[in-house]
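Chains X and S, in that order, are what the protein sequence lines are.
For the record, in the first sequence the residue sitting at position 55 is 54 according to numbering that gives the first Met the number 0, with numbers rising by one throughout.
For the record, in the second sequence the residue sitting at position 233 is 232 according to numbering that gives the first Met the number 0, with numbers rising by one throughout.
Think of the hints as simulated: they come from the structure by calculation, not from any bench.
Bear in mind that the values here come from a model prediction, so they are computed numbers and not experimental data.
Even for Gly, the Cβ is constructed at its ideal location relative to N, Cα and C.
Accuracy of the hints is not assured; some may be wrong.
[As the list claims (entries may be wrong)] Covered stretches of chain S (in silico footprint by chain X; criterion: 3 or more residues with CB under 8 angstroms from a CB of chain X, positions within the stretch not fixed): (1) 75-89; (2) 98-104; (3) 140-152; (4) 210-221.
[What the hints assert, rightly or not] Computed, partial: chain X to chain S, Cβ under 10 angstroms: (5) R122; (6) Q139; (7) I198.
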Amino acid sequence: MIANFGAVLGEWRTLGIGFLNTVWICALAGALSLALAAFVSTLLVSRRKLIRRAAQGAVDLLRALPFLVLLFTVYYCLRVIGVRLSAWICGLAALVVYNTAYFAEILRGAWAHMPREQEEAGRAYGYYGLGLYGRIILPQILIASGPVLGNQMITLVKNSAFLMMITIPDLTSMANLVQATYYIPFETLLVTVALYWVICSAIEGIVRATDRVAVVRSHE
Amino acid sequence: MSEPVVVAQQICKSFGSLRVLREVDLEVRAGRTLCILGPSGSGKSTLLRCLNFLERPDEGAVFLRGERVGFSRTAAGQERQMTDRELARMRTRMGMVFQQFNLWPHLTVLGNLIESPIHVQRRPRDEVVAEATLLLDKIGLRDKRDAYPSRLLGGQKQRVAIARALAMKPEVLLFDEPTSSLDPELVSEVLGLMRDLSREGQTMIVVTHELAFAREAADEVLFMDKGSVVETAPPNKFFGSPDTPRAKQFLQRFV
């Protein structure tokens with residue numbers, strides 16, 4: 000078999016667009032879901048039982064769903080009830096909602112393991128409510144959960160391949176286009192795998208770099 | 000006599016069916032050092048934590064310079080519970096030093112010192128940093144200014160924690176067994192610093208097991224057992240000829 004990488008590389012523009020689309024939608028979804036998760040995790044530990052239960056229920060439900068099911072639900076069900084959003088918005092929203100559930104659960108876990116005395120020291124020094132969370136608790140649980148958040152980011156990138164199903168021209172979608180045009184699935188998929196690997200390695204690299212900083216800034 | 004800074008009256012506190020504090024009274028005047036002694040489980044730490052309402056007393060009242068802690072008055076003069084914000088502001092007037100230091104690990108030494116003065120007390124950053132730097136000189140850790148707590152030794156951590164409390168310019172310092180989790184060879188540097196502060200006229204309430212420190216630095220000793228105040232006396236009197244058999248028994252164990 001003579002591999003036809005020439006045709007694949009000739010379509011570098013097409014694949015490049017897919018690659019960049021995957022990168023930016025994942026980066027944006029990651030950032031938005033981290034911000035949302037920082038809020039949702041406070042609901043997960045709320046002193047009000049009703050809020051806590053409702054938040055935990057929503058998080059558990061989302062984590063029980065396959066991403067594709069959520070994606071179709073957002074994309075098609077909204078249409079049925081007359082809300083027409085672009086595929087981009089639907090895809091981004093589904094990624095954000097789905098990932099928020101995981102991020103929130105990760106942050107809640109890190110919070111549960113944070114020494115209670117830290118929060119108490121914050122209170123003794125005049126913090127309460129949002130200030131206590133934002134300045135004393137959140138920085139510590141972010142530092143503690145860095146590697147796990149990175150892991151979840153990689154899962155997010157992989158889930159983003161499903162966006163092809165709702166016509167978003169992400170990396171998988173563009174790769175599919177290339178392989179169907181030239182009928183060279185093997186070569187195209189190999190290049191696609193390499194590109195996903197680049198993204199995930201970059202995330203790994205960021206995690207490792209931040210971990211070096213984080214280890215100094217945590218409890219021994 | 001100087002005016003009272005902290006006054007606690009008839010403090011009661013229970014955890015479930017366990018009565019931890021029974022009608023405890025306490026008073027410390029400006030510039031004085033009060034040492035709270037007593038066997039483990041006598042309620043010393045809980046009493047200290049009731050003073051700044053980290054534990055809310057079930058009964059009784061705490062006053063900081065005559066202002067009731069945890070309660071304020073409405074325009075109509077009725078007493079009401081303080082809001083979180085009011086209570087938080089009041090707590091910054093009492094600097095607390097914990098047994099386990101509880102420095103914030105995500106902040107540098109300087110960051111720990113300036114955190115609350117800047118973000119809670121909203122004092123100007125330049126001024127706070129300048130004062131914090133002087134405090135680091137005072138505790139002899141200026142070179143650790145940009146280090147993170149994980150890189151410090153226990154005694155250094157506790158000195159930083161004391162500086163963190165001082166950075167808020169509190170009206171009283173509350174020490175909760177500040178040397179109990181230190182290796183023996185690190186205790187003296189912390190006690191030395193506390194002795195200096197006491198001599199300089201800092202108002203202090205110290206829960207401790209260090210009898211030598213209490214004897215030397217305290218202006219008054221409050222001895223507790225099983226949640227009650229057994230004896231309050233100047234250190235000479237307390238260590239020389241305590242009134243109660245319970246105090247005698249307690250002191251004998253250390254001779």
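For each hint, the structure was consulted:
1. 75-89: Holds: 5 residues of the segment 75-89 of chain S have a Cβ under 8 angstroms from chain X.
2. 98-104: holds (count 5)
3. 140-152: Our answer is that it holds, as 3 residues pass the Cβ test (under 8 angstroms) against chain X, meeting three.
4. 210-221: violated (count 0)
5. R122: 6 angstroms, holds
6. Q139: 5 angstroms, holds
7. I198: 29 angstroms, violated
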